[in-house]
Amino acid sequence: MKKVAILGCENSHADAFLSCAKYNSIFNDMDFVGVYSEEREAAEKLNEKYGVYVMKSPDEFVGSLDGLIITARHGAKHHEFAKPYISSGIPMFIDKPITITEADGVAFMRELKENGVRICGGSCCPHSKLVKELEGMRESGEFGKIIGGTVRAPVSIDNKYGGWFFYSQHLTEVMCKLFGYYPKSVLAFNRDGLYNFVVRYEDFDVWVSFVVKNNLYAAGISFEKNYVSGVMSLDGCYNDELESFHDILNGGESKISYRDFIAPIYIMNAMLKSINTGTEEFIHEVETI
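In terms of the working numbering, the sequence shown opens at residue 3 and continues consecutively.
There could be a bad hint or two in this list.
[To be verified] No farther apart than 27 angstroms at their CA atoms in a straight line, the calculated lysine-lysine pairs in the DSSO-like style are these:
#1 K131 <-> K5
#2 K5 <-> K257
#3 K215 <-> K275
Simulated from the structure, these hints should not be mistaken for laboratory data. Here the structure is a predicted model, which is why all the values come from computation and not from measurement.
Take the sequences, apply the hints, and build the full model.
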């Protein structure tokens, strides 16, 4: 059995992962030995529901785990929670946002790379059927080159989990998966409860909309010969995320580079700056990891 702990279990991921592990036999080789949250009530609820042990501290299982899942709502906690376990080299699932600041993201990824830690995580949205279908169309080239696109997702601004960063990686990561991890600049257009951006890539622009208090997710690609779009369903996405972790837990390779993994942080920081300045902001080049 592979021993796994979940740190930062106050969001929906921890409950969903434990449910997937309980009802999907593919995960029968995973033993969830503990959960931890600074919001202790969240961990206690999981103890009541699944019988999983409530950890006394986030570093309680250093040296005795085969894998680690970090799902703290506040991205600034992710590196902190991971740090005691990094030298052991165990694979890690790291939830969105990976970090809050660019500098922390680089430091985090360099430590992971130096210790050979395989990674997965981020937003669950790229696991949606629509995103996978659009990726397939892009890769096949059947409709010609991309000339633009759209993405829409919810955002939370007023929260204690990092404000803008708490939810904005969902949209940002979908955009990265469909159009590339390294756009050049962003320009914000703000209205009440709506944060629109023009995101400029080398050869095309993407229009994205973050909508406050609205749970609709959608995406589309404008090809030379077609425009394909749809509403995203997140059904099954948690299971797919846990399968990704299960794969690296059992020796599979990371499906994303350390550099790409933190690229959304750079985009989100530029977006926030454009919201505040009202001007086009160039995205910092992601440092080599």
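Checked hints:
1. K131 <-> K5: Judged against 27 angstroms, a Cα distance of about 30 angstroms means the pair is violated.
2. K5 <-> K257: This hinted pair holds, its Cα atoms lying about 22 angstroms apart.
3. K215 <-> K275: Holds. K215 to K275 sits at ~22 angstroms (cutoff 27 angstroms).
Consistency note: the structure conflicts with earlier hint 1 alone.
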